[in-house]
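Based on the sequences and whatever the hints tell you, model everything.
Each chain, written out:
There are 2 protein chains.
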Amino acid sequence: MKDERILLSHGAGGKKSQELTERVFLKHFKDPALLLLNDQAVLDQIDGRIAVSTDTYTIDPVFFPGGDIGSLAVHGTVNDVAMSGAEPIALSAGFILEEGLPIEDLDRIAGSMAQAAKDAQVRIVTADTKVVSRGAADRIFINTTGFGVLRAGLEIGGQCALPGDMILLSGTIGDHGIAIASSREGIKFQTPVLSDSASLNGIVTSLLDAVGDSVHVMRDPTRGGLATVLCEIAVQSDVGIEIREEAIPVKEAVKGACELLGYDPLYLANEGKMVVVVSQEMTQKALDAMRSHSLGRDSEIIGEVSSEHTGKVVLQTIMGGRRLVDRLTGDMLPRIC
Amino acid sequence: MKDERILLSHGAGGKKSQELTERVFLKHFKDPALLLLNDQAVLDQIDGRIAVSTDTYTIDPVFFPGGDIGSLAVHGTVNDVAMSGAEPIALSAGFILEEGLPIEDLDRIAGSMAQAAKDAQVRIVTADTKVVSRGAADRIFINTTGFGVLRAGLEIGGQCALPGDMILLSGTIGDHGIAIASSREGIKFQTPVLSDSASLNGIVTSLLDAVGDSVHVMRDPTRGGLATVLCEIAVQSDVGIEIREEAIPVKEAVKGACELLGYDPLYLANEGKMVVVVSQEMTQKALDAMRSHSLGRDSEIIGEVSSEHTGKVVLQTIMGGRRLVDRLTGDMLPRIC
Chain A
1 MKDERILLSH GAGGKKSQEL TERVFLKHFK DPALLLLNDQ AVLDQIDGRI AVSTDTYTID
61 PVFFPGGDIG SLAVHGTVND VAMSGAEPIA LSAGFILEEG LPIEDLDRIA GSMAQAAKDA
121 QVRIVTADTK VVSRGAADRI FINTTGFGVL RAGLEIGGQC ALPGDMILLS GTIGDHGIAI
181 ASSREGIKFQ TPVLSDSASL NGIVTSLLDA VGDSVHVMRD PTRGGLATVL CEIAVQSDVG
241 IEIREEAIPV KEAVKGACEL LGYDPLYLAN EGKMVVVVSQ EMTQKALDAM RSHSLGRDSE
301 IIGEVSSEHT GKVVLQTIMG GRRLVDRLTG DMLPRIC
Chain B
1 MKDERILLSH GAGGKKSQEL TERVFLKHFK DPALLLLNDQ AVLDQIDGRI AVSTDTYTID
61 PVFFPGGDIG SLAVHGTVND VAMSGAEPIA LSAGFILEEG LPIEDLDRIA GSMAQAAKDA
121 QVRIVTADTK VVSRGAADRI FINTTGFGVL RAGLEIGGQC ALPGDMILLS GTIGDHGIAI
181 ASSREGIKFQ TPVLSDSASL NGIVTSLLDA VGDSVHVMRD PTRGGLATVL CEIAVQSDVG
241 IEIREEAIPV KEAVKGACEL LGYDPLYLAN EGKMVVVVSQ EMTQKALDAM RSHSLGRDSE
301 IIGEVSSEHT GKVVLQTIMG GRRLVDRLTG DMLPRIC
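Protein sequences appear in the order of chains A and B. Residue 269 in this note's numbering is what sits at position 269 of the first sequence, and the numbering runs on without skipping anything. Residue 124 in this note's numbering is what sits at position 124 of the second sequence, and the numbering runs on without skipping anything.
These aren't lab readings, by the way, just hints derived from the structure by calculation. Among the clues, some could well be false.
As the list makes no split between identical chains, a pair holds if one copy fits it or if it spans any two.
As the list claims (entries may be wrong) - Dumping the calculated SDA-like pairs for lysine to any residue here, alpha-carbon to alpha-carbon at most 25 Å:
no., residue 1, residue 2
1, K118, A253
2, K255, L43
3, K30, V149
4, K15, D238
Okay, here's the thing in structure tokens:
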């Protein structure tokens, strides 16, 4: 008789752990390095500098419109690696499971991770599972740590924006935040708002193939949203940033939900969008490259980098005013990723 | 006024997140890659094959005799990387914090991680923090993912044991398990049993410098203990394993506590010990190398690999009998690591 729910013994490293590994993880994760069942994966030499990123996912609900914690755990870390300009190669996966979690749910989540990894062409090379007693965690938390290899000659990072650079955004903002919030609040839309959760390494490749070292910053506006990410870049690069509200794409349904729930889309999390800071002369070429990719069809130029008001972000509002944009204060949506 | 406890907003990616990062993490983690505050770290090219390992730490209690969750999170992952024969280079750190955790505790844990990393000469290059509401996690969970670079020509793994090889153990077993169990149960010893939690990369270097490619398997007997690890190796390599109970070092206090609590030291977790499978002709040299290191002074030859009873582990008991040793069944000590 198969267990239907996670038991403490599934995390003890003995027989039950082996059973769970075979029944769920090896069914979905078939990487040759992982199949050796050692406590580590051995990979070939990587030619080039290496980018490493780690993220833990505690999203609530675990299954949400447009994805689940498994696909998100792949997308989010693939994106953090890709934002350095690196091609993501491999991921590790660390699970914390609450005693009592339906194994059917874990199976669905692991399957979703495997599919997302396949789609992004990254390997899941090693994994670990811990189980804690009922009440000591909320169903499932997943850490993914990813690494990738950087193209030669690239120098991309939050500290690399220069006055005169233009700021591009790859599509609408707030979709992920509203998908989660509406799912929690039980709000129904005529056209449901889905999370934008997706792996951005494909569009990054298109962009870098087109304009290469003219890209100075790439960052995905996740927790804290577009506003916070721009504030971080302004401080890291010691530059000023000006953005135009009217240029920032927001879906009508997201606008409506924001009004209803009292959110500002500038602070909502996204999981499949990127901000790109690119040198002025390559802006159009960068925009064309981004729009040519399915995840960047709604890309827009949303602003520029200046040498004035360094460390600060200024928004030109639709009404014609100008106001300072600050980082997120407080936490309007806990456990968004 | 500084916050004394973790708030949800410390995980929201905005101002409070920045505050916590500066106040705790940047105080202890000073790696130049991390100080750039990007969502990923960029490292130099690594010459050689790469070993990657991930582990999530949910140990209860967070502070225990001989260590804490922070030092353990470094030791455990450094060891998993080192067991492949790789020299650990860098770690990522992913934190899940429960709302209400005293920031003083987090500070102590981060300091302990930084010290353990410094001692092991590995860098903590990137980190992530999530906060969940009170009751959705138990104080603090930490994921560390580590990677390292393999010496050329080594082929070490659970699948590489050969009949005729000898099995070495680097010291006493059960110390970590008993330290945790006694701490939970409030048992006092005349001489307290401390966890053996330690980074093994130094002793691995001594061993490989001495006998290099004669080492076929290295594994640290953590969850599931020595018995489970030997069972895994027997299956992975399709060999039989024979061990002698009288050769396995166990501290008197650990023996006593095992009798009192009903544990078998063969199944207790260790966090600073390793099992080494080495070709017969190099056994003495390997043993000398291990004993010359402070973490291997009590190293012993505990058994050998045979071509009989493949996939099984046989124990010669002190009483002169022979019995099959199985993997851990059930979970005698949840949240041991």
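Hints, one by one, checked against the model:
| no. | hint | verdict |
| --- | --- | --- |
| 1 | K118 x A253 | neither (31 Å within a copy, 51 Å between copies) |
| 2 | K255 x L43 | neither (46 Å within a copy, 41 Å between copies) |
| 3 | K30 x V149 | both (22 Å within a copy, 23 Å between copies) |
| 4 | K15 x D238 | between (55 Å within a copy, 18 Å between copies) |
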